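J.: Single-letter residue listing:
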Amino acid sequence: MLELENISFEVSEEDDSKEIVKDMSLKLEDGKFIVITGPNGGGKSTLAKVIAGIHKPTSGKIYFEGEDITQKSVTERAKLGIAYGFQQPVRFKGITVRDLICLAAGKKLSVAESCEYLAEVGLCAKDYIDREVNASLSGGELKRVEIATVLARGSKLSVFDEPEAGIDLWSFQNLIKVFENMRKTNRQGSILVISHQERILNIADEIVVIADGKIVKQGGKEEVLPTLVSTEAMASKCNKYNMGGES
Amino acid sequence: MIDQIQQRLLEEVAGLHEVPEGAYNIRANGQLAQRNTTANIDIISKENGTGIDVRIKSGTKNESVHIPVVLSASGLKEVVYNDFYIGDDCDVTIVAGCGIDNCGVQDSEHDGIHRFFVGKNSKIKYVEKHYGSGDGQGKRILNPGTEVTLDEGSLMEMEMVQIKGVDSTERKTTADLAAGAKLLVRERLMTHGNQSAVSIYEVNLNGEKANTDVISRSVAKDNSFQKFDAKITGNTMCSGHMECDAIIMGDAKILAVPQLEANHIDAALIHEAAIGKIAGDQIVKLMTLGLTEAEAEEQIINGFLK
Numbered sequence: 000m001l002e003l004e005n006i007s008f009e010v011s012e013e014d015d016s017k018e019i020v021k022d023m024s025l026k027l028e029d030g031k032f033i034v035i036t037g038p039n040g041g042g043k044s045t046l047a048k049v050i051a052g053i054h055k056p057t058s059g060k061i062y063f064e065g066e067d068i069t070q071k072s073v074t075e076r077a078k079l080g081i082a083y084g085f086q087q088p089v090r091f092k093g094i095t096v097r098d099l100i101c102l103a104a105g106k107k108l109s110v111a112e113s114c115e116y117l118a119e120v121g122l123c124a125k126d127y128i129d130r131e132v133n134a135s136l137s138g139g140e141l142k143r144v145e146i147a148t149v150l151a152r153g154s155k156l157s158v159f160d161e162p163e164a165g166i167d168l169w170s171f172q173n174l175i176k177v178f179e180n181m182r183k184t185n186r187q188g189s190i191l192v193i194s195h196q197e198r199i200l201n202i203a204d205e206i207v208v209i210a211d212g213k214i215v216k217q218g219g220k221e222e223v224l225p226t227l228v229s230t231e232a233m234a235s236k237c238n239k240y241n242m243g244g245e246s
Numbered sequence: 000m001i002d003q004i005q006q007r008l009l010e011e012v013a014g015l016h017e018v019p020e021g022a023y024n025i026r027a028n029g030q031l032a033q034r035n036t037t038a039n040i041d042i043i044s045k046e047n048g049t050g051i052d053v054r055i056k057s058g059t060k061n062e063s064v065h066i067p068v069v070l071s072a073s074g075l076k077e078v079v080y081n082d083f084y085i086g087d088d089c090d091v092t093i094v095a096g097c098g099i100d101n102c103g104v105q106d107s108e109h110d111g112i113h114r115f116f117v118g119k120n121s122k123i124k125y126v127e128k129h130y131g132s133g134d135g136q137g138k139r140i141l142n143p144g145t146e147v148t149l150d151e152g153s154l155m156e157m158e159m160v161q162i163k164g165v166d167s168t169e170r171k172t173t174a175d176l177a178a179g180a181k182l183l184v185r186e187r188l189m190t191h192g193n194q195s196a197v198s199i200y201e202v203n204l205n206g207e208k209a210n211t212d213v214i215s216r217s218v219a220k221d222n223s224f225q226k227f228d229a230k231i232t233g234n235t236m237c238s239g240h241m242e243c244d245a246i247i248m249g250d251a252k253i254l255a256v257p258q259l260e261a262n263h264i265d266a267a268l269i270h271e272a273a274i275g276k277i278a279g280d281q282i283v284k285l286m287t288l289g290l291t292e293a294e295a296e297e298q299i300i301n302g303f304l305k
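Just so you know, the protein sequences line up as chains W and F, in that order. All residue numbers for the first sequence refer to numbering that gives the first Met the number 0, where the first residue is 0 and numbers rise by one. All residue numbers for the second sequence refer to numbering that gives the first Met the number 0, where the first residue is 0 and numbers rise by one.
Take the hints with a grain of salt, since some may be wrong.
Unchecked claim - Calculated pairs, DSSO-like style, for lysine-lysine (alpha carbon to alpha carbon, straight line, at most 30 angstroms): (1) F:Lys-230 / W:Lys-92; (2) F:Lys-181 / W:Lys-92; (3) F:Lys-124 / F:Lys-60; (4) F:Lys-276 / W:Lys-78; (5) F:Lys-124 / W:Lys-92.
Read the hints as simulated data drawn from the structure, not as lab findings. Note that the structure is predicted; figures quoted are calculated from it, not measured.
Can you build the whole structure from these sequences, using the hints too?
T.: Okay, structure coming up:
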């Protein structure tokens, strides 16, 4: 279980400082598929980075399986079982898709084993396994490799920051299947997805709505989803980015 | 003849665990240690004792020549001239390389000058590795010179690697390409400590449809210095591309000087040069996979230089 206790995160620019996450408290139960949604600039991605350890909160505590991990590094959190999928996947010259998946799995995988993860994200493995994770891969391909690295972690908590961003409409159908499948098998433990996509919201056990650095709403899908669609301000945001993701 | 240190150096520079197959000439501490010739490949010592001539008969296919040099005595300085005469229609791999182990206080230096005369339609793969070891104060210095003359329709692929332990190196490679000839250069370089490495390339595209692609990837750490100075000259209808991509770390300095000279309206020449530190995102991504910051850095460098 992941628990955030009064988490705040501030960035300072010269004389000015801006609070992006404001005194946020949140409990994420084990084995759940949770979607965080809300308008752009509301603090969702920042929150995901705070969970992964990329940003250190200005104040507040984070507990993972009862242990205080607030001061733990990205590496330590990864080893404890928190995986994080980037919204903008990183490119590496010379590192192949297979290298990256092996690093993610923490062991040398056979070609067949690495292919399994790629197949799961809809990539024809033999075409990709030896490709470099560099600019020769398209945005959508990179994104799927990114998701495959998170799958290969086999973590207790997997955090995905807008997995749909940069994925074309055709691939999007597959992406939904990836997440539906993940949810069904749930071998990944808890899954936390930041998304604007109604179809992803639709497979959530729980939805958390964040706006202006605060939790506006949290509850079961049945409870929260209808209010999102009926709220005009929220609906316009959701529809606007329905297929393209956050820019 | 070959002691343990020399054997280790041979493994580093030529991947040799035992006596290689095919033709070879192993030079250790300034002396000929072992040699083998084949029906198609002859190796002859120069009369004045300054090096060897390697003669490869026309039509020689799928054979290899190893000519590693190892230095394990401190204070040894040598200049060696090796000439390769390659006939027409060959397909041969040539592995050169120099390993220096210097535990003493005097500088050890090996300057190997290699000249290649590649016949028509021949394919040559040339691999050259440099390696230095030993914790003495004496410097390990390598100044290789390579001159390549490619006849019509020939192809030469050069792989130049220097990853570790060489204190000072100045490499100069010049090439002249006839019609339809192609030169591919892949350079990988890593410097650390107070090392200095200079790479100079001069490629002259003299014949129609001559083509070259020079790609250098390097990592400069600590206080080391690197200079990449490459020039492609297009004298006719031809195409050339060069790329210098460097990662800078610590207090290192890197100077990239790419030059293109077109002397003909149909010469198509391109250069790309980039120097930058390791992107923070790359480190963070690998840390989210459970690597420490140092491990992440190592993986990124290993991949980059692979």
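J.: What's the verdict on Lys-230 (chain F) and Lys-92 (chain W), does the C-alpha distance respect the 30 angstroms limit or exceed it?
T.: It holds: about 24 angstroms lies between the C-alpha atoms, which stays within 30 angstroms.
J.: Within 30 angstroms, alpha carbon to alpha carbon, are Lys-276 (chain F) and Lys-78 (chain W)?
T.: holds, 27 angstroms
J.: With the threshold set at 30 angstroms, check whether the alpha-carbon distance from Lys-181 (chain F) to Lys-92 (chain W) stays at or below it.
T.: Roughly 25 angstroms separates the two Cα atoms, so the pair holds.
J.: Given the hint that Lys-124 (chain F) pairs with Lys-60 (chain F), test it: the Cα-Cα distance must not exceed 30 angstroms.
T.: holds, 12 angstroms
J.: Would the pair Lys-124 (chain F) and Lys-92 (chain W) pass a check requiring their Cα atoms to be no farther apart than 30 angstroms?
T.: The hint holds at about 24 angstroms.
Of the numbered hints stated above, none is contradicted by the structure.
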